[in-house]
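Novice: Throw the hints in and build the complete structure from the sequences for me.
For the sequence shown, our numbering gives the first residue as 2, with consecutive numbering after it.
It is possible that some hints are incorrect.
FRET-style restraints, in silico, Cβ to Cβ [unchecked claim]:
id, residue 1, residue 2, range
1, 60, 23, 22 to 30 Å
2, 86, 60, 18 to 26 Å
3, 29, 103, 32 to 40 Å
4, 86, 4, 40 to 48 Å
5, 26, 78, 57 to 65 Å
6, 98, 6, 15 to 23 Å
7, 43, 10, 17 to 25 Å
Quick caveat, the hints were computed from the structure, so don't treat them as lab data.
Glycine included, C-beta positions come from ideal geometry on N, C-alpha and C.
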Amino acid sequence: MAVLDLGATLSTFALIVPAELPDKTFIATLILATRFRHLPVWLGVSAAFFVQTAIAVSLGGLLSLLPRALVAGVAAVIFAAGAAIVFKGAMKSRQAATVEAQALVAEEEEAITKAATPTSAWKMATT
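Specialist: Right, dumping it as structure tokens:
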């Protein structure tokens, strides 16, 4: 019989709660709880988390049978790919923001130029 490792349990809890709290599941649960009775929502969410956790723990157990270097290498490649995807998205977003800012600056410069014409100043002085 395995003894429960309280340190591992608390470490897992402390790692998972802040990571999972602001995710889409939290928002979906919040919305469902506003539309339906709380107990069925809680039971459904708990069952979904149980299945998700069972799959993750099972796959983690299977991965522990593979050589550690192989698992670390594959994990590094997956994280690097994820970082590249996030970086690429950030660069596209930055470029789009730059283009939008340049368009706004050009629009404002045009408005300032039109407002500063001599006829505008003359009209303002005579009214």
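Novice: Any hints from earlier that this structure breaks? Give me their numbers in increasing order, please.
Specialist: Going through the list in order, the structure violates hints 5 and 6 and respects the others.
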